[in-house]
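Peer 1: Chains Y and X are the protein sequences, given in the same order.
The numbering used here puts the first residue of the first sequence at 1, with every later residue one more than the last.
The numbering used here puts the first residue of the second sequence at 1, with every later residue one more than the last.
Check each hint, because a few of them may be wrong.
Stated by the list, open to error - In silico PhoX-like pairs for lysine-lysine, Cα to Cα no more than 25 Å straight-line:
{"#": "1", "chain 1": "Y", "residue 1": "144", "chain 2": "X", "residue 2": "220"}
{"#": "2", "chain 1": "X", "residue 1": "21", "chain 2": "X", "residue 2": "220"}
{"#": "3", "chain 1": "Y", "residue 1": "222", "chain 2": "X", "residue 2": "21"}
{"#": "4", "chain 1": "X", "residue 1": "71", "chain 2": "Y", "residue 2": "144"}
To be verified - Now the stretches of chain X that chain Y is said to cover, found in silico as 3 or more residues with beta-carbon under 8 Å:
{"#": "5", "segment": "67-75"}
{"#": "6", "segment": "163-176"}
{"#": "7", "segment": "203-215"}
Simulated from the structure, these hints should not be mistaken for laboratory data.
Quick reminder that beta carbons are idealized off the backbone N, C-alpha and C, glycines included.
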Amino acid sequence: MARSSQRKWVTGYLIAVAAIFIIYQFLFPWEGLPIGIYDFLQLWLPPTAVNESLVYVICALGLNIVVGYAGLLDLGYVAFWAIGGYCAGWFMSEFFYQINLHFFGSVARTAPGIHVNFWGVLLIGGLVCAFFGILIGGPTLRLKSDYLAIVTLGFGEIIPQVFFNGDDIAGFNLSNGTKGITILDPIPVGAKNIGPFDFGYKFIIFVLLAALMVFISLRLRKGKLGRAWLAIREDELAASMMGVPLMQTKLSAYAVGAFAGGLGGVAFATHVDGVYAERFNFSISIFLLAMVVLGGMGNVWGVIIGALLLSWINSTGLPAFGTTFNDKFGTSINFPSFTFLLFGLVLILMMLYKREGLIPESRLRLILHEGDAEEDLTSKESK
Amino acid sequence: MSALLEVRNLKVGYGKIIAVKDVSITVNQGEIVTLIGSNGAGKSTTLRTISGLLKPKSGEIFFEGNRIDGKEGHDVVKLGICQSPEGRRIFPRMTVSENLDLGAFLRNDKDGVEADRERVLELFPRLRERINQRAGTMSGGEQQMLAVSRALMGAPKLLMLDEPSMGLAPVLVDMIFETITKIRDQGITILLIEQNAAAALDVADRAYVLESGTVKISGKASDLAKDDAVTKAYLGG
Ligand SMILES: Nc1ncnc2c1ncn2[C@@H]1O[C@H](COP(=O)(O)OP(=O)(O)OP(=O)(O)O)[C@@H](O)[C@H]1O
Ligand SMILES: [Mg+2]
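Modelling step: build the complete structure from the supplied sequences, incorporating the hints.
Peer 2: Have a look at this one:
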């Protein structure tokens, strides 16, 4: 039962992935599609929107571990996204032109700057973020959850500001300030280099990263750590009476969540081919939170849908609807400006009427539990 | 007789409020020791301090001869001190089965856990019927059974129960106390906190009477049950 339900989700996602890859990699760029379909896709589902939504999936899955599993409210998740992004900026471009360091990079060895292989940068971005997660979590996770929310809120505001004003830190240019860091190295895959416009292949890479996060989430969820997270979410004091080490368990949720933020940050940087401080604002934190809430806190499959849906509405759905609507009725309403009104509404309605999310985790838990019962039975029989 | 738990001159407070002024108690291997006293006497505070959730202002706590005050809560559990806390504190949105699993959180002996699970379900057959029910939807009595069972799943050397009979119908109270005796007979030492002094003194070997944060009277449970001061104050006699 558990297996088959999981399999259904996985199969569903895999089919969607294959279809999208074929369309965007082989049909779309050649305009081999009938012009009507081409225009339709360009308006309603452009490749950039698809890839951007995957970045949101990666990060939302990370935030889901912090908020959904461990029940720690984090309002500053964008900080990790930013740090991950700048890791890509620092280690995959000519930004530090004073240095000439190559580590399996994808550009000519003569190019100035630090050029670490994309896959290595992913790891670096993830680990640096995990480190910051522990750094910020250490002193704050002892706080009650409301205070934790405020501290993380501050962290999410400070980090982007540091990058925003970081072009002259005692003479040192850390972030290139408002100009940002741009032109990142292509992503090396075997002998091939994937540039900024290779949507199809980049799509596959992002899917793999999202799949990695799904795998991590599900594995941890089933294990001891996952159980400890859920116990803390339910009742912290009771959890510690069961022997759950509170600090360690919360910190690990933070670290894993931050790691995902790092992955997402690096992915996003390669997606837009640069890092710009002004893009890392508070709204992203709230945005991600809305995705987790919408999908059903703690439910991996639901959170993915929440992320895809909200990201699509934001990047494409609402603007495209606006254009169509305005064309048809000759109006000039600025629909994208209603994005946050819409998301605010979604959050409020969800909290009022469907607190467990669209796909409640409880059902999933029951399913998972039946899986456990099966195992129990077989282990008893074998005795 | 060797002392399993020894509390010496414990003083504990919440900020400026001193809840426990001077408490010394000893629990020997294989005993049921009860801590009785009126509301606010400091019973739960003493228990919370033993389990590492509160830090004492002064005094010492020894378990199996090793000092344990100052240890974190989860480390105390690791030593073999498990509890069913005041107000039960079961995980309401988890199933009975998941609650039991969490009780065994620190254990790695799969077979032992499985055996203990069987054992607590023997002790409380009602829980077996409700094994996949959400714990929060069970009756108060069933939740109490779960809280005790969950503590037992940690394979404790010392089981601490904070008012297990609270809010239960008389039949269930009898049943709980009977079970407490059964648990002791399985070799687990018990520290029992109770408002229901009569029942507690009935099952316990020794007893301490707490009043405003200090031990007023202590001795054999059977003696205390006959003691005038005790009967007047706590047994309604
Ligand atoms: N978290 C707290 N903050 C401040 N004071 C507290 C706190 N918990 C308990 N107290 C106070 O400490 C004193 C002892 O409380 P404790 O819970 O130990 O009593 P008790 O003997 O368990 O009583 P009861 O039988 O009613 O449970 C009380 O005066 C209580 O008001
Ligand atoms: Mg109490």
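Peer 1: Are any of the numbered hints broken by this structure? If so, which, sorted upward?
Peer 2: 1, 3, 6, 7
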